[in-house]
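Student: Here is how the chains run, residue by residue.
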Amino acid sequence: MKRIASNIRHFFIQPVPKETLAFFRIAISAFALIQLVVLLPDWMWFYGPAGLIPWEVSEPLAKTHMPSLGNIQSILSWLHVSANSVVYFVTGTYVLSLVGLLIGYKTRLMGFLAWLMHGILNATGHLTAYGVETFTHIALFYCMVLPVGICWSIDSRNKISRIPGYLVTLSVRLIQLHLCIMYLSCGVEKAMGTQWWNGEAIWIALQQDQFHTVNMNWLANFPLVPKLLCWSTIIIEGLYPMGMMLKKTRKFWLISILSMHTFIAVFLGLHLFGALMILLNISAFAPILVQYESSKIRGFADTYLFRFTRLVKIDGIL
Amino acid sequence: MPLKQKLYYALAILHLLMVALFAAHSADWGRNNRIIKSLGAVGNFTGSNNIFSFFAPGLADQPFVVYDVKDTTGINHVIDLEGSSRDFSNRVNNIYGYLTIPEARMIISASLAKFVMNECPSAEKVRIAMVVQKIPTMPEFRKGERSKWVFWFHRDFERSLPLASVH
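Here the protein sequences come in this chain order: A and B. Using our numbering, the final residue of the first sequence is 318, and nothing's skipped along the way. Using our numbering, the final residue of the second sequence is 167, and nothing's skipped along the way.
Careful, some of the hints might be misleading.
[Unchecked claim] Among the chain A residues that face chain B by a calculated CB cut under 8 Å, a handful are:
(1) ILE138
(2) PHE141
(3) ILE181
(4) MET192
(5) TRP203
(6) ILE204
(7) ASN215
(8) TRP218
(9) HIS271
(10) ALA275
Honestly, the hints are just simulated from the structure, not real lab data. All figures in this text were calculated on a predicted structure; none of them were measured in a lab. Just so you know, even glycine gets a beta-carbon here, dropped at the ideal spot from N, CA and C.
Here chain A stands alone, though its shape is the one from the complex:
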């Protein structure tokens, strides 16, 4: 029991590279900017007052407590601002805040603005939003509350960092544990469906017109392939917390989860979703993995260099 408690304490106190948080900030803001550029040609169809779903329909159906674009228009009614202008204003603020977040200029404020603008846009366009918006919202919330401007930012150049080490560790652990809960939940929910045990889930997903990108009809003749893919998905997701927390399995698990999301991006056409999940996993776990691997390499090099110099000394060369 004492050992468990000590391990938990060690987990939350052990220093982690502060670059992890900086990488997270840059990855998320860069992703959100790219997403915006990709969606921009159809932006008004998603968020405009006369879009696919008009504001008067989408906003009352929203379950969120975030203010919507319609609310902003009501607030600015005394300025006689048109509905389209409200969309341009919120979008413009979103772009500027993401650029600010990317370069780490007034990071906390920019994180707050990016999170708020994203929330406003999706309170109106929630009927068109899917998993990618859920994770962008979560990531932007972390960019707002965590010290993500600690390094690789303009803010960190101008002043000496007073952020204690424990806060960096806690912040990184928070993101990691959120991912762990999410994947565990995904794994358990998939394991409850028969389609994930007989391989039909992968088969159906690849056959659906929405996701159909590559002809995978041959899979029907090799049912073991989709079955193995389904089982491995359940294992990778369901055992993600264990796989990522154990030092020995972390590298394998990270490669597995990245492969899974690459598969989703390529074969199901969910490019943005796949890219975001890859970035979240890399930013949460890769710097720690690199630190661990480099310390292993250093240890290995030190040992062998020591043996080599001793041998050389014995031979009397040095």
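Dock chain B against chain A, hints included.
Tutor: Showing chain B alone in chain A's frame:
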């Protein structure tokens, strides 16, 4: 441990607890429960009130909408909503998913019809027809069955009147 540090740890634990509770469908435990409602409201802001059931427990039939537009000259055109990116179709398909909910069917159909009328100024009538893709299982596919689109429902809309007929 200083008080400030303790507070940060407490907030982090509370946040993760909420993430875990909502991921475990705690929102369904008591829909009218005040505490769960309040936690859900907080979770809207923090992103801790999500259910992570992507493609789980299984995949349902995929809905799609066919737009049959009749213009002022009486000619019918079948159109498809096409955007500039792959993500556009993912998002539009998300809307179509709501058409499977009977209560949402009318309002979503009307919204889509209004959008099509705005995009096609010559349109006089629009028929919103929902079809569903039925995919055979792997053994059925091996026996020669192929995926097919099955008609589900349609709604007709006219430019002058929001709703002409309901079938």
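Student: Does ILE204(A) hold up as a contact with chain B if the rule is Cβ-Cβ below 8 Å?
Tutor: Hint holds; ILE204(A) Cβ to chain B Cβ min 4 Å, cut 8 Å.
Student: Can we keep the ALA275(A) interface hint, with Cβ of chain B closer than 8 Å?
Tutor: Since chain B brings no Cβ nearer than about 11 Å to ALA275(A), farther than 8 Å, the hint is violated.
Student: Less than 8 Å between beta-carbons is the criterion; does ILE181(A) satisfy it with respect to chain B?
Tutor: 5 Å, holds
Student: Given a cut of 8 Å on the nearest C-beta pair, is the interface hint for TRP203(A) held or broken against chain B?
Tutor: Since the shortest Cβ distance to chain B is 5 Å, the answer is holds.
Student: Would you settle whether the hint for HIS271(A) is holds or violated, based on the nearest Cβ-Cβ distance to chain B being less than 8 Å?
Tutor: Hint on HIS271(A): holds, closest Cβ of chain B at ~6 Å, below 8 Å.
Student: Tell me if the interface restraint on ASN215(A) is satisfied: Cβ within less than 8 Å of some Cβ in chain B.
Tutor: Hint violated; ASN215(A) Cβ to chain B Cβ min 13 Å, cut 8 Å.
Student: Hint check: is the beta carbon of ILE138(A) less than 8 Å from a beta carbon of chain B?
Tutor: 4 Å, holds
Student: When the nearest CB of chain B is found for MET192(A), is that gap smaller than 8 Å?
Tutor: 5 Å, holds
Student: When the nearest CB of chain B is found for PHE141(A), is that gap smaller than 8 Å?
Tutor: 5 Å, holds
Student: Is the hint on TRP218(A) kept, meaning its closest Cβ partner in chain B is under 8 Å away?
Tutor: 11 Å, violated
In the structure shown, a violation is registered for the earlier hints numbered 7, 8, 10, in ascending order.
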